[in-house]
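Student: Sequence:
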Amino acid sequence: METRNEMLGNRKDNKQKIASISKKIQESIRKHRKEELSVLREQIEKIRGINKGLKQLIEYTQWIPNMKTKSEKNKNEQLTAKRLSIVKVATDFYKKLYTETDSTLSVEEEKEIYEEEIPCILKSEVIKAIQSQKSGKAFGDDKISSEILKQSSIEICRFVTSLFNEILVTEQIPTQRTKSTIILLHKKGDKNEINNYRPISLLSNLYKVFSKIILGRITKRLEESQPKEQAGFRADYSTIDHIHVVKQIIEKQNEYGQMYYMAFVDYNKAFDSLSHSYIWKTLEKQEVERKYIRIIKKIYRRTIATIQLEQQGEEFGIEKGVRQGDPLSPKLIIAVLEDIFRNLDWEHFGININGSNLNHLRFADDIVLFAEKPGTLQTTLQQLDGESKKAGLCMNLTKTKLMTNAVKENIVIGEENIEYVDEYIYLGQTISINDQYSKEIDKRISNTWKRYWPFTLKR
1 METRNEMLGN RKDNKQKIAS ISKKIQESIR KHRKEELSVL REQIEKIRGI
51 NKGLKQLIEY TQWIPNMKTK SEKNKNEQLT AKRLSIVKVA TDFYKKLYTE
101 TDSTLSVEEE KEIYEEEIPC ILKSEVIKAI QSQKSGKAFG DDKISSEILK
151 QSSIEICRFV TSLFNEILVT EQIPTQRTKS TIILLHKKGD KNEINNYRPI
201 SLLSNLYKVF SKIILGRITK RLEESQPKEQ AGFRADYSTI DHIHVVKQII
251 EKQNEYGQMY YMAFVDYNKA FDSLSHSYIW KTLEKQEVER KYIRIIKKIY
301 RRTIATIQLE QQGEEFGIEK GVRQGDPLSP KLIIAVLEDI FRNLDWEHFG
351 ININGSNLNH LRFADDIVLF AEKPGTLQTT LQQLDGESKK AGLCMNLTKT
401 KLMTNAVKEN IVIGEENIEY VDEYIYLGQT ISINDQYSKE IDKRISNTWK
451 RYWPFTLKR
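With the numbering used here, the residue at position 302 of the sequence shown is 302, and numbering never jumps.
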């Protein structure tokens, strides 16, 4: 496209070349549309639905038409369509994002203490981890797909088990296993704004197998630390649990004429901001075996990444945050959040339910705070903001919202006045002060049409 646009400036001399390039572009568009329809057709035949197909198409889309960039001379924002410039903007953004700038978040020296003996990794653990890999997912730089691993699991099991046990003993991670390729998925908002994309790390499938084995070994310890308020990334919990609780609170408080104040807390890039040193301290507090902590440390200390669009950017190190796409990441983030909340003395805060105070709910990093008075909510928000910053997490105060059935008194965090709303999309469902289900139904119908029409128009 760039080459054709440059040639259009001199049509006479480049007439044949323009025609040739235009033909190739049209062929590529037709091929792309054919592949899209093929993916959707396959999913319809398999499961009689298109949701997985749509997700697959979105996941592997790496084309960003334009990107905002700042001129070095006048610092004004400009829109660029140049492919190399877009890759550079993305690389510079994430290189800066993943650089640790807080010198107070230092790593403490390890003390020599008695350690539990760690059992060797078994072939059965390797087979189980391989078979649990999801099919149809993009792979890392080693080009080994999960399908290949599954089909050859019996043949390679002995070699892979030996390799993993060597890592377990030596605590040395091969560099190729810690490298990741980052693709960008648009969340919402301006598509030309790099901040509106979610980075997904494409990792070596062999690394993910090893990561799942370590995860399986530390999950029990981490689960023992989790309270009922946390429903994210946990077996036997779902979004429905918390959505139901929030709706019930609104309904019952309104029914009995009781006041409620709620804060829907939004963190700015929570996965990408966690302090590594805080993670290690958290794992120690939650009594994860020190050998596993050291191995996870080694993984993150050696992690390098590149941005992959149509072209690949330069490599950079990861000094903070957890990788979205790594099996360990979800458990690490809910472990850190649990440590944050343990430092908050909120026993007497919240809404009284059958003699017990409910002051918050967590679904991973989606947090709702409850209070009966605005002053209490202000206090809990301020305290949560302060403790979160110690872990590297910063509240997005423009996206954090308040809801109440009472007087909307000002609640200020720092110098930011937090906005009150009458409805909020919580865990994908509309929550409103009047709890109107009709709005949620209308939203779902609208979303269905938005997904359907783009594919009918392409035919």
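Just so you know, the hints here were simulated from the structure itself, not pulled from any lab data. Fair warning: there could be bad hints in the mix.
[Stated by the list, open to error] Derived DEER-like restraints, expressed as beta-carbon distance ranges: (1) PRO174 with ASN268: 31 to 37 Å; (2) LYS96 with SER20: 38 to 44 Å; (3) ASN352 with ILE304: 49 to 55 Å; (4) ALA235 with GLU166: 53 to 59 Å; (5) ASN396 with MET259: 23 to 29 Å; (6) PHE233 with LYS187: 55 to 61 Å; (7) LYS187 with VAL407: 31 to 37 Å; (8) PRO174 with GLN258: 48 to 54 Å; (9) LEU84 with VAL412: 42 to 48 Å.
If you're wondering where the values come from, they're calculated on a predicted model, not measured in any experiment. In this text, a Cβ means the ideal position worked out from N, Cα and C, and glycines have one as well.
Student: Quick one: are ALA235 and GLU166 within 53 to 59 Å, going by C-beta?
Tutor: Since ALA235 and GLU166 have Cβ atoms about 31 Å apart, the given range 53 to 59 Å is violated.
Student: May I ask you to test the hint 31 to 37 Å on the CB atoms belonging to PRO174 and ASN268?
Tutor: Holds, at about 33 Å.
Student: Please test the hint of 42 to 48 Å on the beta carbon pair from LEU84 and VAL412.
Tutor: 44 Å Cβ-Cβ, so the 42 to 48 Å window holds.
Student: If you check the beta carbons of LYS187 and VAL407, does the distance land in 31 to 37 Å?
Tutor: 34 Å, holds
Student: Just tell me: holds or violated, for the beta carbon distance of ASN352 and ILE304 against 49 to 55 Å?
Tutor: 51 Å, holds
Student: How does the Cβ-Cβ distance of LYS96 and SER20 compare with 38 to 44 Å: does it lie in that range?
Tutor: 40 Å, holds
Student: Look at the Cβ atoms of PHE233 and LYS187 and judge whether their distance stays inside 55 to 61 Å.
Tutor: Violated: the Cβ-Cβ distance is about 19 Å, outside 55 to 61 Å.
Student: If you check the beta carbons of PRO174 and GLN258, does the distance land in 48 to 54 Å?
Tutor: 59 Å, violated
Student: State, for the Cβ atoms of ASN396 and MET259, whether the hinted interval 23 to 29 Å holds or is violated.
Tutor: With Cβ atoms ~26 Å apart, the hint holds.
In the structure shown, a violation is registered for the earlier hints numbered 4, 6 and 8, in ascending order.
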